[in-house]
Amino acid sequence: MGDSSSPAEARWRQLNTRRRRPLEWLAERVIFAVSLSAIVMVFLIFLFVAKESLPVFTGGVDSALVQPVRPVEDFDRLSRAELQAYLGLSDAEFARKDDETLRLLMEVKAEAQDEIPAEFREDKDARLNTAQWRYLLLPYQWTGYDAPAFIWQPISLIHKYNIVPLFIGSLKATLVALVFAVPLSVAAAIYVSQLAHPRLKEWLKPAIEMLAGIPSVVAGFFALIVMATVLEAPISAVAGWLGLPSSRLNALVAGLALGFAIIPVVFSIAEDALTSVPRSYVQGALALGASKWKAAWQIVLPAALPGVFAAVILGFGRAIGETMIVLMASGNASIVSWNIFDSTRTITATIAAELAEAVFGGHHYRMLFMLGTLLFIVTFASNFLADLVIHRLKARLEGRA
Amino acid sequence: MALLAAAVFEQAVSRRVSTPVKPNSPLTMKLRSLTLGLLLAGLAAAQAGDITMKGSDTLVVLAQKWAEEYMAKNPEAKIQVTGGGSGVGLAALQNKTTDLANSSRKIRAKEIESCIKAFGKRPTEYKVALDGLSVYVSADNPVEALSLPQLEAIFTGRIRNWKDVGGPDAPITVYSRENSSGTYEFFKEHVLGGKDFTASAQTMPGTAAVLQAVAKDKHGIGYGGAAYGAGAKHLKVSKEDGSEPIEPNEETVVSGKYPIWRHLFIYVNPAQDTGDIGKFLRWIRSDTGQELVKEIGYYPLPKNLRAAI
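As given, the protein sequences belong to chains A and B, one line each in that order. Quick note, the first sequence lines up with residues 1 to 401 if you use my numbering. Quick note, the second sequence lines up with residues 1 to 309 if you use my numbering.
Some clues are possibly wrong.
What the hints assert, rightly or not - Listed next, with one range per pair, are the computed distances between beta-carbon atoms:
hint	chain 1	residue 1	chain 2	residue 2	range
1	A	L138	B	K78	50 to 58 Å
2	A	D387	B	M71	56 to 64 Å
3	A	D114	B	T274	51 to 59 Å
4	B	K216	A	L286	54 to 62 Å
What the hints assert, rightly or not - Listed next, the in silico DSS-like pairs over lysine-lysine satisfying Cα-Cα at most 30 Å (straight line):
hint	chain 1	residue 1	chain 2	residue 2
5	B	K117	A	K51
6	B	K65	B	K78
7	B	K121	B	K110
8	B	K110	B	K216
9	B	K218	B	K73
10	B	K106	B	K121
11	B	K294	B	K257
12	B	K216	A	K124
13	B	K121	B	K163
14	B	K117	B	K163
15	B	K78	A	K97
16	B	K257	B	K239
17	B	K294	B	K279
18	B	K216	B	K96
19	A	K201	A	K394
20	B	K236	B	K218
21	B	K195	A	K124
22	A	K124	A	K205
23	A	K97	B	K121
24	B	K117	B	K73
25	A	K124	B	K106
26	B	K216	B	K195
27	A	K51	B	K303
28	B	K96	B	K163
29	A	K97	B	K294
30	A	K97	B	K110
31	B	K78	A	K51
32	A	K97	B	K106
33	B	K78	B	K294
34	B	K110	B	K96
35	B	K163	B	K110
36	B	K106	B	K236
37	A	K205	A	K394
Since the hints were derived computationally from the structure, they do not count as laboratory data. In this text, all values refer to a predicted model and were calculated from it rather than measured experimentally. The beta-carbon is built from N, C-alpha and C at its ideal position, and this holds for glycine as well.
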């Protein structure tokens, strides 16, 4: 992060010129390996998630309802290669199967097609591969709908995998959480780091950070039972006044609960950043006749802004990846609407709720992993962006650019 | 993520347990009892002679009851029951990590295919109980009965106001289940005729949550097991507009007069359907096993589907 010839590096070099005992050397290596394992773990998880979702990106998933069928009587007429492709078997799998099993597989494939109700077989959408990107991102007029729409209905004879409602749902809940939590936690950070009496600070800081200790399932349960009930009447009154529809569980309730989950993250990092501003800044301002409040607001906050920005971005990452609270408190209806009084379905809640029942290796399963990959990319990109901005801001503040 | 981690962990554990260890070393014994204490489920899956059941959350309480009673009568039998969802159970059947897969829905073609790929045969299907699905509304709602076509229109979003079905002039709030639920799928297939639920339907994590939401929402409507009840009103349902509305209860569900009911299933690899497992399956479908179904709140199989022991 810092300069290459930082004092930290000089100190490290000074400490490491002394001869170390073998046991210490070993301990150091072990600790290094352990800390490395975290990075390796993240990398492996990403690799796994990406591998499972790869067919979606390469177009190797076919979710069309009606597939071409070869009756079992064709068994002898198909070449071995054709048969293998038709049954979708890998070379190793194919080599291990005897003819009887292969026939059985053909039979089941034909049966699956026979089970499709007649009216769906003739549907205009029955032969569409709905796992193509244009159906994932653009509205489409499915049979039975009055207009083109973004529809997420994976368990359906014709699988509809539009991810737009889920993205909007995630963003909506996250934005509500940030709008609620950021001013609160930044204000608290300014107060605790600059204005509060040291004795008050001593218990205020751990008390706010203790919020992080609330398990998210408990926060979700609280939102579902208490917050939703308390807020029901005011929300429906406000929504009615604005002429908007509302429901008991909605993006606002979920976002507020989510806000409580990110307050400790944002507060803690912002407070650290504010505290790390050199004391001399404040002393200088005070010496020039500024009030304590003015010094905090006009000197310390601007100086610590990169840190505060990092806190907000990390809060964003935490909020968009949080699952349990939104799963319980958001109502989970997959609709496209920016109305915060409507119920909302997030990406994380979708993955959590649907993965357990998805057929392993099927298109629904792949689609959920694709969502996981996108989520991973979004959080990674936002963290990267935050880092970039912080560096530039820092350079500017230090007068290097 | 947690789910995946758990699955990977479990796999790692069962692999570890299946490697031969010297039985007499006190350290291994100690280690083993430690593992046993911590990871009973993973260990039991690997032990021979035990029966494992995995799958549907709808069936998990009933399966536990069966296991308890059966073990009380046959002390040599050991039965492990886990939930997780019908899909999880059927996936475990393909991976041979469970003996019996509990399912609240019929197995899908894709899953049969994987089973054939894994063990060369179709899994055997056993119907083990009946379940009636009720439609719930708030106790304050004056509507007493709806027909299947009306239900379809409400749940697909074509009817959005209670006054269109003889209720007050108020918008209908639709409560549904997560699409991973067997109940959701059943309702979609048999009441909505395969059409999509309205996008504005709120999805609840379980039948109890649906019931609670409907009890609190004067204009709500939801669906779920007939056995659940307190707090909301169960509607009478008629097959067609104008035909006689039927109240869901044991008599009407078992006779098939009440129109929304389903079977609950257990799937097994036919090669394993012998010995202890076969005996247990027959016992479940015997008169004794079916008596317990009623205690849990589902409905017993009609006599002609039961097994004789």
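Verification of the supplied hints:
1. A/L138 with B/K78: 50 to 58 Å: holds (54 Å)
2. A/D387 with B/M71: 56 to 64 Å: Once the Cβ atoms are compared, 58 Å apart, the range 56 to 64 Å for B/M71 and A/D387 holds.
3. A/D114 with B/T274: 51 to 59 Å: Between A/D114 and B/T274, where Cβ atoms are some 31 Å apart, the hint is violated.
4. B/K216 with A/L286: 54 to 62 Å: holds (56 Å)
5. B/K117 with A/K51: Roughly 22 Å between the alpha carbons, so the hint for B/K117 and A/K51 holds.
6. B/K65 with B/K78: holds (13 Å)
7. B/K121 with B/K110: Holds, at roughly 14 Å.
8. B/K110 with B/K216: At roughly 40 Å apart (the allowed maximum being 30 Å), B/K216 and B/K110 break the hint.
9. B/K218 with B/K73: violated (48 Å)
10. B/K106 with B/K121: Distance of about 17 Å is within 30 Å: holds.
11. B/K294 with B/K257: holds (18 Å)
12. B/K216 with A/K124: This hinted pair is violated, its Cα atoms lying about 41 Å apart.
13. B/K121 with B/K163: It is violated: about 53 Å lies between the C-alpha atoms, which goes past 30 Å.
14. B/K117 with B/K163: Since the Cα atoms of B/K117 and B/K163 sit roughly 53 Å apart, the hinted pair is violated (cutoff 30 Å).
15. B/K78 with A/K97: Given pair B/K78, A/K97 is violated - Cα atoms ~34 Å apart, limit 30 Å.
16. B/K257 with B/K239: This hinted pair holds, its Cα atoms lying about 9 Å apart.
17. B/K294 with B/K279: Given pair B/K294, B/K279 holds - Cα atoms ~21 Å apart, limit 30 Å.
18. B/K216 with B/K96: violated (44 Å)
19. A/K201 with A/K394: holds (27 Å)
20. B/K236 with B/K218: Satisfied, since the Cα-Cα distance of roughly 18 Å is no more than 30 Å.
21. B/K195 with A/K124: holds (14 Å)
22. A/K124 with A/K205: Roughly 61 Å between the alpha carbons, so the hint for A/K124 and A/K205 is violated.
23. A/K97 with B/K121: holds (11 Å)
24. B/K117 with B/K73: violated (37 Å)
25. A/K124 with B/K106: OK: A/K124 and B/K106 at ~27 Å, within 30 Å.
26. B/K216 with B/K195: holds (28 Å)
27. A/K51 with B/K303: This hinted pair is violated, its Cα atoms lying about 50 Å apart.
28. B/K96 with B/K163: violated (53 Å)
29. A/K97 with B/K294: violated (44 Å)
30. A/K97 with B/K110: holds (17 Å)
31. B/K78 with A/K51: violated (38 Å)
32. A/K97 with B/K106: holds (26 Å)
33. B/K78 with B/K294: holds (24 Å)
34. B/K110 with B/K96: holds (17 Å)
35. B/K163 with B/K110: violated (43 Å)
36. B/K106 with B/K236: holds (26 Å)
37. A/K205 with A/K394: holds (26 Å)
Hint compliance for this structure: hints 3, 8, 9, 12, 13, 14, 15, 18, 22, 24, 27, 28, 29, 31, 35 are not met, and every other hint is.
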